[in-house]
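Undergrad: Read top to bottom, the protein sequences are chains A and B. To convert, note that position 2 of the first sequence is 2 in the working numbering; the numbers rise steadily by one, no gaps. To convert, note that position 167 of the second sequence is 167 in the working numbering; the numbers rise steadily by one, no gaps.
In short, the hints are calculated from the structure, not lab data. You may find that some hints are simply not true.
What the hints assert, rightly or not - A short, non-exhaustive set of chain A residues, derived as facing chain B with CB atoms under 10 Å: (1) His63; (2) Arg65; (3) Ile67.
Claimed, not checked - Here are a few chain B residues that sit away from chain A, every Cβ distance over 10 Å (derived from the structure): (4) Ala27; (5) Leu112; (6) Met238; (7) Ile240; (8) Asn241; (9) Ile282; (10) Phe311.
Even glycine gets a Cβ: it sits at the ideal position worked out from N, Cα and C.
Residue-level listing of the chains:
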Amino acid sequence: MFLLEVDSIRRCFGGLVALDEVSFPVQEGQIKGVIGPNGAGKTTLFHIVSGVLPPDEGEVRLHGRSITGMKPYRIAQLGVSRTFQSLSLFLNMSVIENVMVGRHCRTRQGWVSSALRLPMQQLEERAIRQAALEQLERMGLSGVAHAPVGSLSFGQRRMVELARALVTEPRLLLLDEPASGLNTRETDELAERIRKIRESGVTILLVEHDMSLVMEVCEEIVVLDFGKPIAEGSPAAIRSDPNVIAVYLGGEFDGAAS
Amino acid sequence: MTRKGRTLVPLLLLAGLLVAIQVTVSALDRDVLLDPLVRTAYFSIVVMGLCLVMGHAGQISLGHGAFVAVGGYTSAVLTTTPIPIAHEAGAGAAMKKMGLLLVRQDLYGDSLVTVSPAAAFVLALLLTAAIALLIGWPALRLKGHYLAMATLGFGLIVYRLVLGTEFTGAADGIAGVPPWSLGFGLVVSYSREVRVANYYVAWGLALLILLGLLNVVRSRVGRALQSIHGGELAANTMGINTAGFKLQAFVLSAVLAAGAGSLLTHYNGYIGPSKAGAMESIRYVALVAAGGMGNLWGVLVMSTILNFLSFRGYFGTLDHAVFGGLLIAIVSLAPQGPLQPVAAGIRSLFGYGSHNKREDRKDHVPA
């Protein structure tokens, strides 16, 4: 069984068809990429998988079970976590608090136990802090754990967002243009990190503009153009697909891939 | 200092200060000064609850005055309306034994049976929770300022209702609300003999609620609320039921307001329609802003100072204008509240140090 199945998804905004009959599976343990020119519907696709937007038609299945139309927080509880193209950190909170929010869906202490600081709550709170700290350490950010998130560089913020997504213990991680705004060195580090995340057992679906990153880390790629999938296959197959070259990559692509 | 110490030490200091004030005031035979402080404590409970909704969850309620009124009026109506029931025997006696009924003598010496203050208090809280759910449920499922609009409308309706309804005493309000005997000789009442006790009841309750809320804002629940403030969509995709948490915070805060309103009504022995006025609600909002929005300590301190001055009549006829002006001044000059620089100074005095970057954060939660 596939971990994620996107089945005949269609979504319109007014007269604009953002996604049209988009279908593809994601296998457990895979790193899959979605590429396409601006406006191809990549982010809309992510919004639909993560529950931010409902599709007009079609179905999204996680482990064979439909998650279509579920609220984002339910989908997150089921093990789908995501990052945002334009960062979406909580600027009113510190770095570690941002990451601690990610533990929310794996913890349960509520109003009363918090107000009374019951032993159970104290225990859980310590575990949350510990998990967040470990994740930050992995990202090399433990030194700035207590800094306000606004004081971090853009690249660091991306890593905080990644840490926040990972601390939810996702089965499927959706990365929305994780390399945008990163310099070459940071992008290389990101590629390494993405591989490590996969090794830890997380399946990854990646939307990206940065060709070199996609070609480097993804095992399979779906190409979208004006909301329609025009090709799907290994990086090598995509590279030589005449359709892809014609509508999207053109001559620029060969240079980027080499 | 441990996290626990950082909460408890200032709380104990504040408790010590409150005792010192009472001792000094009583020694100088100026007990009359305790009265505005009692009322201030109750209003601070309202403002702290609103702080949770506004400062932490980032939702604006313009109807907290109405929730205070719902609590106060429910208590006032239930504890002053005679119930035609025999309290000597049968069901009446049983209910009296359970503490549901209050029997007292009316002006003419006849026995008057009403709902007991404790039962009325519980009913007031339940009614308020139901109303808050009803308003909040549709308004908080949406993003944006729908709660502000819904609560503003609700506030105006409540004001017109209590002003125009016979059994709420119309413009006269309801007088003769009985004292509430809490047991252990503690009575919520305006009378001078129990003023010191009332001071401790009111402030004890306010400090307990402060402690509980401080614990909540530093917990998983508090982080959920703050994350909604910081970015509702991101919070939702992180697994937080944003609509649910906003609603829970709003209902809790409405219930706190109603509880304070009920106690205040028993304390004053009276409630009038001005408690439900829109200006009252705006005043609570101004006090939350003055305290630094998400800063429970700041909110408590500013609410105490400003309410005390207001009750002592220092603002005269400009009372409401002072709070309106304050709101404008805070928003334009010091959005983090005027206490921020002061707090930073005090903290560095006590060695918490300025390396603690938390002070620089917008809408920060003090540790």
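Undergrad: If a hint holds in the structure, say so; if it doesn't, say that too.
TA: Against the structure, the hints come out as follows:
Because the closest C-beta pair between His63(A) and chain B is about 17 Å apart, greater than 10 Å, the hint is violated. The restraint placing Arg65(A) at the interface with chain B is violated, with a minimum CB-CB distance near 17 Å, outside the 10 Å limit. For the restraint placing Ile67(A) at the interface with chain B, the shortest Cβ-Cβ distance is roughly 13 Å, beyond the 10 Å limit, so the hint is violated. Every CB of chain A is more than 10 Å from the CB of Ala27(B) (nearest about 36 Å), matching its label as outside the interface.
In this structure Leu112(B) is separated from chain A by more than 10 Å, as the shortest Cβ-Cβ distance comes to about 38 Å. A beta-carbon of chain A comes within 10 Å of the beta-carbon of Met238(B); the shortest separation is about 6 Å. The beta carbon of Ile240(B) sits about 5 Å from the closest Cβ of chain A, which is not more than 10 Å, so the claim that it is off the interface is violated. Under the 10 Å C-beta cut-off, the non-interface status given to Asn241(B) relative to chain A is violated; the minimum distance is some 5 Å.
For Ile282(B), the non-interface assignment is confirmed: its Cβ lies about 24 Å from the closest Cβ of chain A, beyond the 10 Å cut-off. Separation of Phe311(B) from chain A is adequate, the least Cβ-Cβ distance of about 29 Å exceeding the 10 Å criterion.
The structure does not agree with the numbered hints 1, 2, 3, 6, 7, 8 stated previously, though it agrees with the rest.
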